[in-house]
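These protein sequences, in sequence, are chains A and B.
Here this note's numbering = 1-based position in the first sequence + 290.
Here this note's numbering = 1-based position in the second sequence + 2.
Don't read these hints as lab results, they were simulated from the structure.
Treat the numbers as computed from the prediction; the structure is a model and nothing was measured.
Careful: at least some of the hints might be erroneous.
As the list claims (entries may be wrong) - Once the Cα atoms are required to be at most 27 Å apart in a straight line, the calculated BS3-like pairs of lysine-lysine come out as: (1) K181(B) <-> K164(B); (2) K98(B) <-> K164(B); (3) K120(B) <-> K883(A); (4) K164(B) <-> K120(B); (5) K186(B) <-> K807(A); (6) K589(A) <-> K684(A); (7) K140(B) <-> K178(B); (8) K395(A) <-> K354(A); (9) K181(B) <-> K885(A).
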Amino acid sequence: MSPTEEVSRLKKLYELSMTLSGDPMDIFVHVARVIGELLDVKVVCLSEIRGRELYFLSVYVQGKTFLNAGNCPLEITPCATVEASRDIQIYDRVTDRFPQATFLKEHNAYSYCGFPSLDNNGKVVAVTCLLDDRPHEFTTDDQEILRIFGQRIGLEIERKHLYDERQAALIALKENEERLRLITESIAEVFWMTDVLVERMYYVSPSYERVWKRPCKDLYENPRSFLEAVHPDDRARVVADFAVQQRGQPFDYEYRIIWPDGTIRWIWDRGFPIHDATGLVTRYAGVAQDITKRKQAEKSLRDSEQRLELALMGADLGLWDWNIETGAAFFNDRWANMLGYTLAEVEPHYDGWARLVHPDDMPHVTDVLDAHLEGKTLFYEVEHRLLTKTGEWKWVLSRGKVFERDSHGKAVRAAGTHMDISERKALEERLSQQQEQLCHAQRLTTAGELAATMAHELNQPLAAITNYVGAATLGFSDLLAAQPALQEMMDEVLRLSMRAAEVVQGIRNLVRKQESKPQWVRLHIILDEILSLVRTELTRKQIGLVLKIPTTLPQIWGHRVQLQQLLLNLILNAMDAMDAPEVSRRTLTLRAKLKREHEIAISISDTGPGIAPEIATRLFKPFVTTKPGGIGLGLPICRTIAETHGGRISAHSVAGRGATFDVFLPVGEGVERRDS
Amino acid sequence: VTANSKVIVVDDDADLRNSLRCLFQTVGLNVEVFGTAEAFLESDQTKQPGCLLLDVRMPGMGGLQLLEYLQTVNGHLPVVVFTGHGDVPMVLQAMKSGAFAFLEKPATHQEILDCVQKALAFDQDRRRRDLERTNVEKLLAQLSPRELEVMDRLVAGMPNKKIAMDLAISERTLEKHRKNIMLKMELGSLAELIKLIVLYKEHIAPPESQ
């Protein structure tokens, strides 16, 4: 072959090699082989310089090629001189000259020819060396070809770098995608991306199928098909929101969907506009989430709040909720209304309450409250007065409990209720007044009746004495005439008896003076007052009350307090009688009826053991009693009262079945006429 | 005071009733005492000649109730109410129930005796009048209806002519009736008849209405 032929052949080869494309590594392998075969060298080693290290990308060794055959420090190799000179370097006995470069020894290199490849910036990025175990001559043409190869290799190195970068990017992208896929497919939320008009579905995560119970495929075919599942009541609203979407604003709404099996689920759907480089909204991306559980929780919370509100309303309770640290307080409407304020008029703070508490009650309230805050009591419960808007004091029962404490046990939050107890308080007040009045009147009456009772008891023997003296005076007049001293003594006995009788009479008159004036009294009214005093006791003793008192009975002319005392005594006796443990059924029966048109018969019956026969005959005598500590004046006084009213009292009993006391009181003549 | 009159004492206080018995016996009165109203009623002496000295304050039936009961008994003995506390309502009540008199304890023996004597006298007088009335009624019962019509007109002072015209009978017939009346009434003259009937109607007959 002529040199010209040779050159043309080389050029052809070169052009052929230029047509090679594909993976840079393939090209490196090919290039190494072409050079090796073309220039007939034993070894071609194409190496990339990274940092100060030499990487053997492809190695051609006597017809065989190897990829990525290792690396070695650049400086110990002759390639370093190629890098430094940025031109071809040719050495003989190269192994001797670069003894540290072991690869030279391995290939038993004698000659060396290395050429550089440069990048755009003129930096040497690769060195390709040709090794042979014999001397080898490289002609100028050879060197020219190698330079051309060097350029090509430089391009390929750059391409390889780009390729590697792209590959890395691709891998990274793939990993990202995989991660995203894993996320979107495994989490419960539905990710979606559509166009602005919701006419194209770019993406929807598979969880759509779980949340909507509809295939994703349908959604891709018709992005608005998700609407078919939306609850008819909510659908119009959701569609209307597409308009919002078209204005390029984010949206956030909740709606219901219906599963194919009819189950209704709540969805929380949020969408965000995605802008392109020009700022135009081209897409929407969003998250839809099944919030049924949360909704249910909300509903049950709302329900329980409603229930609480209802309960509070039903019980007519005011509610307070106090943040102890900040002093902030919540009050409900009723809390304020109870005191005549509107809610807006009450400062929602501890002070708003504290200002209204009656100053006299405050120390006690504070004590009770502190005790509870310190954990000494299970509940906070106290009755106190609060200032109403009209300036009056209203009694409330405040009850509450600390329900949140910090880690040191310090009370953080407490809540409770207010109950309006002003009526109860007024009733208590009235009752205690009544009780006091009755007590007072009773003391007077008791003194009076005691005196009257004693007067009667003294009168009897005094009357007997005068009778005997009288009888003696008459029967023994002869004897007395003969014995003037005896006559004198008899006269004295008579005189002193009368004097004693006068003393008794004096006491009785004195008592009578203190007595209240008689008045018209209605039986059912005075009985009501008496029963209000004993009702608690009846309940405590589990005594049933049977009341048969017609309100149409004529009135009684008498001393109200005395009559009350008479009835109260009998009622208390009846209750005491049923204290015995062997009494199984405890019933107090009060009856009254009109008897023969001018007498009211009142009966008080118990279901106690009855009256013991040994005292039945002496029942109304003073100092007869069955009660430990009793003085035995109750029934004599009852009797006195009945009799001073022109009435009488009697008792009968059946052993083991109870006793009945009957009181008969006259009604005045023409009572009804006078009354009307 | 007749021999069979009796003072009956009802009082639950044994000392008192014994003292009263002693007092009445001393002045020669018959006495019987009872501890309760019920015991007295049981003895069936509500029409006993005499009087009743009654304590109102007693267990059981009580004095006032007994008094009320006695009101329903025709010709019962008069009742003197013996009371420890002469309160106005009770006195009123007792009066209404027909008590004869009141005595307040302690009363002197003289007051008691005076009061009881009055009651006994009242009882005796009433009995006498009752007896008279019974006699008159017995005589009147023998008259025929026509004779009664004639008698009423005679007592009214109507002349014979008028009576005969009034009754559409002859004067002869009238005269026959008149004779029969005098015979049956055991009277001698018209004046006696008028006196008897007027007295009967005014004083002896029980009040027709109260």
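*Pair hint outcome, K395(A) versus K354(A) [Cα-Cα no greater than 27 Å]*: With a Cα-Cα distance of about 18 Å, the restraint between K395(A) and K354(A) holds, given a limit of 27 Å.
*Take a quick look at whether K98(B) and K164(B) sit within 27 Å of each other, Cα to Cα.*
Distance of about 46 Å is beyond 27 Å: violated.
*Are the Cα atoms of K181(B) and K164(B) separated by 27 Å or less?*
holds (18 Å)
*Compare the distance between the alpha carbons of K186(B) and K807(A) with 27 Å, and conclude whether the hinted pair is satisfied.*
It is violated: about 64 Å lies between the C-alpha atoms, which goes past 27 Å.
_K589(A) and K684(A) were given as a pair; does the straight-line alpha-carbon distance stay at or below 27 Å?_
Distance ~37 Å between K589(A) and K684(A) Cα, so the pair is violated.
*Restraint status (C-alpha distance of K164(B) to K120(B) at most 27 Å)*: violated (48 Å)
_Given the hinted pair K181(B) and K885(A), is their Cα-Cα distance within 27 Å?_
violated (55 Å)
*Does K120(B) pair with K883(A) here, judged by a C-alpha cut-off of 27 Å?*
Violated - the C-alpha atoms of K883(A) and K120(B) are around 39 Å apart, more than 27 Å.
_Hint consistency between K140(B) and K178(B) [alpha-carbon to alpha-carbon, up to 27 Å]_ = Distance of about 21 Å is within 27 Å: holds.
Hint compliance for this structure: hints 2, 3, 4, 5, 6 and 9 are not met, and every other hint is.
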